[in-house]
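There are 2 protein chains.
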Amino acid sequence: MNYIFSDKIASLQPSAIREILKHTADPSVIPFAAGNPAPDAFPIQEVQRITAEILAENPIAALQYSVTEGYPALITVMKDFLKSHNHINSSNPNEVIITSGAQQGIELSCKVLCNEGDAVICEDPSFIGSLNSFRSYHTRLVGVEMEQDGISIEKLEQALKTTPNAKLIYLIPNFQNPSGITMSLAKRKAVYELACRYNVMILEDNPYGDLRFEGEDIPAIKTLDTENRVIYCGSFSKILAPGLRVGYVCAPKPVIAKITVAKQCSDVHTNILSQMICHRFMTQCDIEAHLKRLRQIYAGKCRLMLDGIKANFHPSVAYTKPQGGLFLYCTLPGGADMVKFCTTAVAEHKVAVVPGTAFLADESAGTQSFRLNYSTPSDGQIVRGLEILGELTKKLL
Amino acid sequence: MNYIFSDKIASLQPSAIREILKHTADPSVIPFAAGNPAPDAFPIQEVQRITAEILAENPIAALQYSVTEGYPALITVMKDFLKSHNHINSSNPNEVIITSGAQQGIELSCKVLCNEGDAVICEDPSFIGSLNSFRSYHTRLVGVEMEQDGISIEKLEQALKTTPNAKLIYLIPNFQNPSGITMSLAKRKAVYELACRYNVMILEDNPYGDLRFEGEDIPAIKTLDTENRVIYCGSFSKILAPGLRVGYVCAPKPVIAKITVAKQCSDVHTNILSQMICHRFMTQCDIEAHLKRLRQIYAGKCRLMLDGIKANFHPSVAYTKPQGGLFLYCTLPGGADMVKFCTTAVAEHKVAVVPGTAFLADESAGTQSFRLNYSTPSDGQIVRGLEILGELTKKLL
Chain W
112 MNYIFSDKIA SLQPSAIREI LKHTADPSVI PFAAGNPAPD AFPIQEVQRI TAEILAENPI
172 AALQYSVTEG YPALITVMKD FLKSHNHINS SNPNEVIITS GAQQGIELSC KVLCNEGDAV
232 ICEDPSFIGS LNSFRSYHTR LVGVEMEQDG ISIEKLEQAL KTTPNAKLIY LIPNFQNPSG
292 ITMSLAKRKA VYELACRYNV MILEDNPYGD LRFEGEDIPA IKTLDTENRV IYCGSFSKIL
352 APGLRVGYVC APKPVIAKIT VAKQCSDVHT NILSQMICHR FMTQCDIEAH LKRLRQIYAG
412 KCRLMLDGIK ANFHPSVAYT KPQGGLFLYC TLPGGADMVK FCTTAVAEHK VAVVPGTAFL
472 ADESAGTQSF RLNYSTPSDG QIVRGLEILG ELTKKLL
Chain Z
112 MNYIFSDKIA SLQPSAIREI LKHTADPSVI PFAAGNPAPD AFPIQEVQRI TAEILAENPI
172 AALQYSVTEG YPALITVMKD FLKSHNHINS SNPNEVIITS GAQQGIELSC KVLCNEGDAV
232 ICEDPSFIGS LNSFRSYHTR LVGVEMEQDG ISIEKLEQAL KTTPNAKLIY LIPNFQNPSG
292 ITMSLAKRKA VYELACRYNV MILEDNPYGD LRFEGEDIPA IKTLDTENRV IYCGSFSKIL
352 APGLRVGYVC APKPVIAKIT VAKQCSDVHT NILSQMICHR FMTQCDIEAH LKRLRQIYAG
412 KCRLMLDGIK ANFHPSVAYT KPQGGLFLYC TLPGGADMVK FCTTAVAEHK VAVVPGTAFL
472 ADESAGTQSF RLNYSTPSDG QIVRGLEILG ELTKKLL
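Protein chains in written order, with this note's numbering: chain W, 112 to 508; chain Z, 112 to 508.
Don't read these hints as lab results, they were simulated from the structure.
Here the structure is a predicted model, which means the values were calculated and not measured.
Since the list gives no way to pick out one identical chain from another, each pair is judged satisfied if it fits inside one copy or across any two copies.
Each computed DSSO-like pair below joins lysine-lysine, with the alpha-carbon atoms no more than 30 Å apart:
id, residue 1, residue 2
1, K364, K119
2, K272, K119
3, K432, K461
4, K194, K300
5, K300, K266
Whenever a hint applies, use it, and build me the whole structure from the sequences.
Following this line, the structure appears as C-alpha cells:
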C-alpha cells in the first residue's frame, strides 16, 4: 500500500549524525563525529556492585511497574543535588520528574507547550536531537546567531520582537553542543530578562555542566528564575552512563504535571532498574571524586585535540576552545568547501566529523563549520586523526 | 506566570487508573485496579544471573549509547520468535524496532500516521493508556461497540463509512484490556478485509497473547497481512518484567523507518542494558517452560476470581470469562450506580476497582461496567476482596 505519513513526521529526516555514525560502525574510522562518553569514564565496578545489590535486595520493585513521576527516592536525591550542587530551587513552586534521558524532557516540554506552527527560538547552531524533537511537533525553528560568549542578545531580542507565537527559547548554556561555547553570566541575565519581557519560557538544557575542566562555574539560568519560567533539563548520560537513559526535569509544578501526563502516554515510566542504579550511585558513591576524575579525562582529551589542531591545521581554520564538555567547533575560511571537506575526510581518509549544516535551524543555510568530538576517540586516534585532518586542510585551503 | 499549554495536552487528564492507584499506595487496599504482573511471575534468579553476566562480560556496550533501532541481536531474536512462535512474517517487507514498552510503539505509530483532527477507530471500551496516547496528538477517537467475540463488524463498517480521515483501527485481539474478550478468527478476517476496503491501517496490540490459559491460540491479524497494513506491537512487560520497559513493533519497512526517526526525537534509544537482558532471557532460558508457568499462575488466579464472583456477587451482575490475560469486566444491571459502587468500594471498603468510564472513547458516555484485575492481588486478597464486593453488590442492587 501507499503509506501517507503525518505532516509533522513526513518531512523529518534521520539525524545526519546518526547517518554518519553508520559509516563509523567500521572500527577503522576515527570517530570524531560521535558524542559518546569515553569508555574509561564509566564507573563499571560501582555499577556492577550496585546492580547486583538492587536485584538481590529489592528485585520485585526493580522489575515491576512504577510511577510515571519517577522513583521517589531518586527524585528526593536529585532535588537535594540540584539545591546543593547547582543552587537550583527544586521544590515548591518547582517540581522534579525523572525522564528517559534529557532528550525526553526536551521533547515533552515542546509537546506540552507548543501547538503546530508555534515558534521555538534556539541558538544557531544547536543540538540536532533537540531541533528534530521540535520539528517533530511541526513547530517553526528560529535560529539566533552565536557569539563567543553565547547567543547574540541583540539578535535574540530582534527574534522575540518579530516572531509570532514564540513559546520557548531553547538554550545549552554550558559547553554548547556543537559549538563548545559557554554563555556568560551577563548574557544569562540578559536572556532571562528578555524572556520575562516577551513572556516566553526558557528550556535550559545542561547535560555537560558537570564536565567543566577550566574556569569557574557559572550559575544556571534556572537559578535566576524569579518568575518561574525556566524548564531545566539534566541527565545521567554524561556523568554515569547514557545507555541507562535516565534524565530529569526541574520546572514549575504546573509544567511538570503536564509533562507527567504526556510521559504516561509516551512510555508509562522510565526503566526502574536504571533509576534505582542512579539512586544508589548518587547516595553510595563519592560523586565529587567521580566528577573530578571525569573532568581530568576530558581535560586531557581536549588538550590533546587542541594541540593537534594547532600543530596540524592550516592557520586559516578557526576553532573554539571549550572550558568543558565534549565538543569543539572548527570553521573553515570563506570560499572553502566545508561539505566536501567532511565528505572527503570520512570517505577517503576514514576520519568522521559532523558538517555544521546538521546543527542549523535552517539546514539549507550555509556554514563553514564542522564539529569535532574528543570524548569518543582514543588518545591515539585523536593524534592520528588530527594529522589526517590537518593535511586535508592544507590540501583543500 | 500564567502557563498556556498546547491544545493537544491542555485537556488531557491524568489516567483515571493512575489516580485510583494512588489510593492503593495504602497496602491495606485490595488492588483489583492495577494491571501489574504477579510478583511470583518474575524470573528473578534468571534476571540476577543474566544481568551479572552482561555487566561482567560486556559492560561498556551495556552502558554506552546505542542505535535507535534497537540492540541488533535482540531484533534478530524477536524476528525469529515472531516467525516461529506467532507465525508472523517479520522480515522483508516488514521490519522490527525495539521500543520503550509497547506503549511507545503505540504512541509513535499514532505520531507518524495521524495529523491533528484525524480519527482513530478503537474498540469501546479499550486500553486507557493507548486512548490517551491518541488524544495527546489531538486525534478524534471513534469507539466501536464490543461483542462477546470482539468488535462489532457491522458497527465498525458503519464507523469506517461515516468517519472522515480515519487513519488507524486500534485493536487488542487477545484477552482485551479492559474487557477480557478475545476476537474470533472470523472477526479478525472481517476486520482485515474492512481495513483493506476502506484503506485504513490496523494497529494490533498484543501484550497478553502469550498468557492464554484456556482454548486454542488464534492467529494474529498480522498473519493475515497480505497488503502490509498492520502494525503489530508486542511487549516484554507481561512475560518478563514491565519495569524494564522493553517492547517491539513489527510493521512494514517504511513505517518502521518513520517510527525510528520519531523515536530518535523521543528517547534516542531504549535502555540498552534491559535490551541485553531480554536478549539473553530469550536465548538462554527455556521460554516455553517459563510461559507455561505464567499461564498456570494466571489460570489459578482467574479461576479464584471467577469462583469468588459466582459465590458472592448479586446474580444480576454480568461478567466476562477470559481465556487468558489479566482482566475481567463486570457489568452492573441497568439502574445501578456504577460510579457510586466503585467509589464506595475503595473509600469505605478498601477494595480498588476501575470504573469502566475510564476506558471509553468518549469518557462522558455512560457505562455500567467496571474492571477487575486478578494478577496483582494475592490469592488471599482475591478471596477476601470478592466477599467485600459481593456484599456491596447485594447492598446496592
